[in-house]
Each structure stands twice: as C-alpha cells, then as structure tokens.
Amino acid sequence: MKKIKSAKVMKIIFGILALAGLALIALYPFDNRSLSVHFVSDSGDYKVELTNYEIKNEDCTLVDFGEDTDSFLVQKVKFYGASKTMLLKEINFNEFYPLINLEENPGNAQWLEDGILLTGSNGNDVQVLLSDKYTEILQDLSASYTQERIIMGGLYVSALAIIVFLCMVIREHNTENNWNNHGPLFEIRKFCEDIKKYRQYMVYAAQTDLKAEVANSYLNRLWWLLEPFFNMLVYVIVFGNIMGNSIENYATFVFCALLMWNFFNKIVNYSVKLVRNNKDIITKVYIPKFILLLSNMILNFMKLLFSLIVLVGMMVVFRIEIGFNLFWVLPAYIVMMLLAFGIGMIFLHFGVYVDDLSYAVGILMNMLMFLSGIFYDVLTTLPEPLNAVMMCLNPVAVVVDTMRNALLYNTASNLPILGMWFLISIILCCIGVHIVYKNENSYVKVV
Amino acid sequence: MGKIALEVNHVSIDYKNLIHMSMHQSLLKKKEKKVDIIRAVEDVSFSVEQGKILGIVGRNGSGKTTLLRSIAGIFRPDEGTIDTKGNRVSLMAIGIGFNPNNTGRENILKSGMLLGCELDYVKEHMEEIIEFSELGDFIERPVRTYSSGMYSKLSFAVTAILDTDIMLVDEVLSVGDEHFRQKSYKKMEELMMSDRTVLIVSHATNTLKKFCNQVLWINDGKFVKLGETEAVLDEYEASMQL
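Chains as they are written, first to last, in the numbering used here: chain A, 22 to 468; chain B, 6 to 247.
The set of hints was computed from the structure by calculation and includes no laboratory data. Treat the hints with care, since some could be wrong.
In silico DSBU-like pairs for lysine-lysine, Cα to Cα no more than 30 Å straight-line [to be verified]:
no.: 1; chain 1: B; residue 1: 128; chain 2: A; residue 2: 466
no.: 2; chain 1: A; residue 1: 218; chain 2: B; residue 2: 230
no.: 3; chain 1: B; residue 1: 8; chain 2: B; residue 2: 227
no.: 4; chain 1: A; residue 1: 99; chain 2: A; residue 2: 459
no.: 5; chain 1: A; residue 1: 300; chain 2: A; residue 2: 459
no.: 6; chain 1: B; residue 1: 227; chain 2: A; residue 2: 466
no.: 7; chain 1: A; residue 1: 300; chain 2: B; residue 2: 128
no.: 8; chain 1: B; residue 1: 214; chain 2: B; residue 2: 21
no.: 9; chain 1: A; residue 1: 459; chain 2: B; residue 2: 57
no.: 10; chain 1: B; residue 1: 90; chain 2: A; residue 2: 459
no.: 11; chain 1: B; residue 1: 188; chain 2: B; residue 2: 227
no.: 12; chain 1: A; residue 1: 217; chain 2: A; residue 2: 459
no.: 13; chain 1: A; residue 1: 294; chain 2: B; residue 2: 230
no.: 14; chain 1: B; residue 1: 21; chain 2: B; residue 2: 227
no.: 15; chain 1: B; residue 1: 227; chain 2: A; residue 2: 211
no.: 16; chain 1: A; residue 1: 217; chain 2: B; residue 2: 227
If you only want the chain B side, here are some residues facing chain A, beta carbon under 7 Å, derived [said to hold, decoys possible]:
no.: 17; residue: 17
no.: 18; residue: 20
no.: 19; residue: 76
no.: 20; residue: 79
no.: 21; residue: 81
no.: 22; residue: 101
no.: 23; residue: 102
no.: 24; residue: 106
no.: 25; residue: 107
no.: 26; residue: 111
no.: 27; residue: 115
no.: 28; residue: 135
Have a look at the derived ranges for each label pair, beta carbon to beta carbon [stated by the list, open to error]:
no.: 29; chain 1: B; residue 1: 230; chain 2: A; residue 2: 209; range: 56 to 66 Å
no.: 30; chain 1: B; residue 1: 145; chain 2: A; residue 2: 239; range: 38 to 48 Å
no.: 31; chain 1: A; residue 1: 330; chain 2: B; residue 2: 150; range: 30 to 40 Å
no.: 32; chain 1: A; residue 1: 239; chain 2: B; residue 2: 91; range: 49 to 59 Å
no.: 33; chain 1: A; residue 1: 259; chain 2: B; residue 2: 150; range: 19 to 29 Å
no.: 34; chain 1: B; residue 1: 110; chain 2: A; residue 2: 323; range: 16 to 26 Å
Every residue gets a Cβ at the ideal spot worked out from N, C-alpha and C, and that includes glycine.
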C-alpha cells in the first residue's frame, strides 16, 4: 500500500517538474539574437551578418556591396536566424523599395521590372542606405524567439518521453514476465518479430489490393496519374489564375505538395475505419493490426511512385534545376511517413469505439490541408505571427516546405524543426503501437 | 497418455457492449452504466492430446465459436489461460481475407500467408489446393464471380491442405455438393490418421460420432460434460428433445 502511494507522489513531482521546465522555456528572457540578411539576385546572394549589438545600436542601415561589382539587382531579401536553414522572413523587391532611404542614399536605386537595381554613384562602391523601418524589422526579428522556443519545447518533450520510456524499461525489468506484459522492450521485440513474420503478406496484400482497385476500370493504372494531375489542374486554375498569385512554376509547386498531402491524407483517413473495413480478416485470424496499416502505406507508396512520373515530366518541361540539396526530399518524406503511421495508429484505436471519429477526422484533415500551404507559401502568405507558428507547430507544413524547397529551389530548409518532428513522430509511433497492442484483443468483440 | 497439445485452464470471456447513447442522453443519464457485460464463456477447462479429435457441442449462442476464436488467438480470454504449447493454430472459417476483386489464386496466397505460412510454402501447395477445391478454370477469375458453394470450397481447401498443428473447424464440414462433402469427410479421416489435433464445432451429431475421440458439451458458456463421444452425445441429444 505504501509503495503505491510513494509511486503516485513521484509521478506528481515528475509532472510538476516537467511543467516547470516547459514554463521556463516559454518565459526565459533570451538575449536578442544575431541575424544574417541575404540579398538575393540572379548572379548570387550577398550576405550581411549582423550581431545583436549592431542591431540594437541601429548601426546597420548602410549596406556596402563591395568594390567588385558595378551594380546589384535585388530581387528578394531573406532574413535568417542562428540556423542557416530556418527562414525567418522574406520580402519581395517591391516591399523592399520603400525601405530605402532615397534622400540620403549615397548610391542610386532604380525600380526595374524584375528587381531593384543598385549602382554606385561617381565610381564609388555600390551602396544603399536603408531607412528606420528596416531597422525596426531587424529589431523585431532579433527580439522574437518564438521559433527557438518551440524547437526547444519540442526537444524537451521528447527528452521527457525518453525518460518515461527508460522508467518503463526499468519497471519491466523488475516485474515478472507473464502473458499480459506490455513493457516497452517486450513490445519492441514483438513489433520486430511481427514485421518479420508478416512482411511477405504486407507486400503481397498491397500488390493484390492495388491490382483489385483498378481491375475493372478502362483506364486502369492511368488513373493514378490522372487523379493527382487533374486535382492539380483545378488548384492551378482556381488559385493560380482566378485568385492570382506570383509564384513561379505554380503547377509544379502545387503538384509536388499535393502528392505528399494525398499520401498523408489517405493513410490517416483509412486508419480510422481500418478495423471495420477489415472485419473479414480480423474476426477470422489473429493479425497484428499495424500490419494492415503498413500494407495500406505500401499500397499508397506504390501509387506515389507511379505519380512521380508526372512530376519528373513536369520538372523537365519547366526546366527546374536540381542539385545536391534534392537529398532533403528524402528526410522530409521519412518524417511524413512516420507521422502518418503514428497518428494513424492512434486514430485506428479510437476509430473502433467512436463512430463519429471518421466525420471529425474528415473535417480536421480538410482544415489541415488549407493551413499547410499546399497551394501557397506559408511563410510569405499568412499574416505575421501566424506564419512562424504554423511553420513550427504544423508538421505537415514543415515537411511540405522542406520537400518543396529541396525539389524546386535546391535549398535545405527547416532542418532543426524537421529534426524535432522526427523525434516527436517516433514517440507518436511508440505510443500508437503500445495502445494498439494493449487493446487489439477487444477490437473483435466490438466489431 | 500422449503429449498434450492444447490446454485450456479456467477460461472466461466477456463481451463488453458499449451502449451507444447520443450526447444529450448521456449527459442526462449520468448514473446509468454505459457498458453492458455479457459473459460468453465461463470457467471452462479441458485439454486435448496430440493427434486427437475433440468435438464441441452446445446450443446456439452457448459460446462455442467464442471459445474457438479465443483458442485461435483472435482475442485473449479475460480470465484463465490457453496454452497451445507452441503449436500453430488455424481457425477454419469461410473466406479468410478474401478480396472479391482478386482471383482465386491470389486469394489462396493471401489467406495462406495470413495463416502464418511462408510464401514459398503456399506456392508449393498451390496446385494441391486448386485440385482439392475443384474450381478448375475459375481459379483465375475474380472471387466475386464465384457461387457461394465455390467460395466455401475454396476456403475449406486452403485450411485443409496447409499444414497447421491444431485445426479448429467451425461448422464448415457441410459445404459444397454431395461429392465435395464426401471428399472433405475423406480428408477429415486422413487428418484423423495424421498427427494433427482437431477441434470441431458442429450441430451434426452424426458427423461428430464419426470423427471424434472425445466430445465437450457446453451450455450457456458453462462447462457441462467432457467424455467419450457416444455417452456425451446421447445425453446431449436427449436434452435437446422437445
């Protein structure tokens, strides 16, 4: 009796400490940060590093582009924090023009159609003097620590989860083994054994289901190309032409994000109804339920690979340059799949008991799609505080943005946040697998 | 005494029925219990020796199928233990994981793997299964085009041919036409000779008399009698008379 009580007290203390840590991260007065400003032009970027003291003392308005160039065409200005992959703010040249202090400018600034041409006057260096508004932007960015706080919070939660995990391992080690064991080590071993045992079934079931899906249609496998393609056409017409926007290669921009989103959407929606849809199997043999979800993921992955043909075709047609940073597409997809699996497992469990969940998930996924920047760029389109929060807290927006930047612009982006979501996704997977293992025996009785 | 292949110890199984209430109902009736527990199997114990055939009888709804499912590992008993001594168990049921849009051949592979067999093993026995199922050319057609008899024949063939140590048969012996029925009886006799342990649930007492070494009688989830086939079945039949 006493032992149980002390365990309870320990749990409460742990909870309070955990919350205190979170509060500390949220409220700690961090120093203002240093910034790096990138002036983007066709011929390359010009980078200016600014320390937090320079920004505080408003000692950063004069930008000198050096002696080597006669002129500099500014198209965009990007602001980065400590990490060179975390874009804080991006402004276009037409927003940049009002920031120039035209009266005292030592050089010349000319508004052209594709940028702002800066030249030095009388053979001097190319220079531009910027106004107080620019300083204000810098000071705001330097003072805000939201992004870092969220990343730290995420890492902190992951660390707590690992501590809890270790505690459970120790507890498992100390208790006797019996058939009702649900300790983490036991479950991990079981998970691996199940995957090994059912791997052939997973792949074969995915193949045959895929075949069955198109067996009776005239256009057959062509549908896997046509479906995302026409979806993309709708978005391009509605958001590109009717609503109007200035994103280059808008069709490719939408299409690559749409492929990723469709995968995620299908997995999550499928998982809610998984047990009901597979009643025939589940009531007749024992099968670990996650095998069915994995099988569906393989199926959708095969479809995705097929749709890639269209994407590659579009990239060739629109002459999109690729480079080494294309590699970052891979981690983005891995995080997305882990996330889909983790969320799917959790929804799978609740979907058995709560019929209404499929409606709710449908609505939620629809909202998530519009918040994740499938057909717009989150950072530049959404209003000021919302965009940074979205880029940190919405994992789908993060993976879509990383994937798209790697694919279309050959840049690595959002890596710290991607890492954070990687950890959180793995934790979600563990939780999901645990819940399902613990309860899967009662699913048959409900169905 | 031979080797024990299956041991069931004091097993009880509950069904929890969630009583679905709409939002305002559940708010108004807070005190009413929301879960309705039905005890389907209560404190049943028995053991089966390897190579023996056990028949299970009882009225409808007396928990026979529930017991079999729980032995097959589809769900765990709420109380008690089931020890299969490491044997592989298969529940012979109609159409495990059959996808109506796939061909018979694909479905054989799929359900074979669901029963825990390796892909190569199922492929080796493919021809044997097809021959046993008497489907002929239909094996290459989608399962949705099958008649219900063909469907049952195929699923019987899959579980009968693929080798599992313990086989659970739930009222599927009477599938198909007369010819196929005789064939499946013959197969069952073959199994009797072999080393496989079989549990049969059936209402056809004649069938049970033919095959079983022992019969278990359960009523309303409770253990009634376990003993020699003739004696238990006679008593059971007597109790079923109007």
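To see whether the hints hold, each was checked on the structure:
{"no.": "1", "hint": "B:128 to A:466", "verdict": "violated, 33 Å"}
{"no.": "2", "hint": "A:218 to B:230", "verdict": "violated, 39 Å"}
{"no.": "3", "hint": "B:8 to B:227", "verdict": "holds, 26 Å"}
{"no.": "4", "hint": "A:99 to A:459", "verdict": "violated, 49 Å"}
{"no.": "5", "hint": "A:300 to A:459", "verdict": "holds, 19 Å"}
{"no.": "6", "hint": "B:227 to A:466", "verdict": "holds, 19 Å"}
{"no.": "7", "hint": "A:300 to B:128", "verdict": "holds, 26 Å"}
{"no.": "8", "hint": "B:214 to B:21", "verdict": "violated, 36 Å"}
{"no.": "9", "hint": "A:459 to B:57", "verdict": "violated, 34 Å"}
{"no.": "10", "hint": "B:90 to A:459", "verdict": "holds, 23 Å"}
{"no.": "11", "hint": "B:188 to B:227", "verdict": "violated, 34 Å"}
{"no.": "12", "hint": "A:217 to A:459", "verdict": "holds, 20 Å"}
{"no.": "13", "hint": "A:294 to B:230", "verdict": "violated, 42 Å"}
{"no.": "14", "hint": "B:21 to B:227", "verdict": "holds, 18 Å"}
{"no.": "15", "hint": "B:227 to A:211", "verdict": "violated, 34 Å"}
{"no.": "16", "hint": "A:217 to B:227", "verdict": "violated, 39 Å"}
{"no.": "17", "hint": "17", "verdict": "violated, 13 Å"}
{"no.": "18", "hint": "20", "verdict": "holds, 5 Å"}
{"no.": "19", "hint": "76", "verdict": "violated, 11 Å"}
{"no.": "20", "hint": "79", "verdict": "holds, 5 Å"}
{"no.": "21", "hint": "81", "verdict": "holds, 4 Å"}
{"no.": "22", "hint": "101", "verdict": "holds, 5 Å"}
{"no.": "23", "hint": "102", "verdict": "holds, 4 Å"}
{"no.": "24", "hint": "106", "verdict": "holds, 3 Å"}
{"no.": "25", "hint": "107", "verdict": "holds, 5 Å"}
{"no.": "26", "hint": "111", "verdict": "holds, 5 Å"}
{"no.": "27", "hint": "115", "verdict": "holds, 6 Å"}
{"no.": "28", "hint": "135", "verdict": "violated, 17 Å"}
{"no.": "29", "hint": "B:230 to A:209: 56 to 66 Å", "verdict": "violated, 45 Å"}
{"no.": "30", "hint": "B:145 to A:239: 38 to 48 Å", "verdict": "violated, 21 Å"}
{"no.": "31", "hint": "A:330 to B:150: 30 to 40 Å", "verdict": "holds, 33 Å"}
{"no.": "32", "hint": "A:239 to B:91: 49 to 59 Å", "verdict": "holds, 51 Å"}
{"no.": "33", "hint": "A:259 to B:150: 19 to 29 Å", "verdict": "violated, 43 Å"}
{"no.": "34", "hint": "B:110 to A:323: 16 to 26 Å", "verdict": "holds, 20 Å"}
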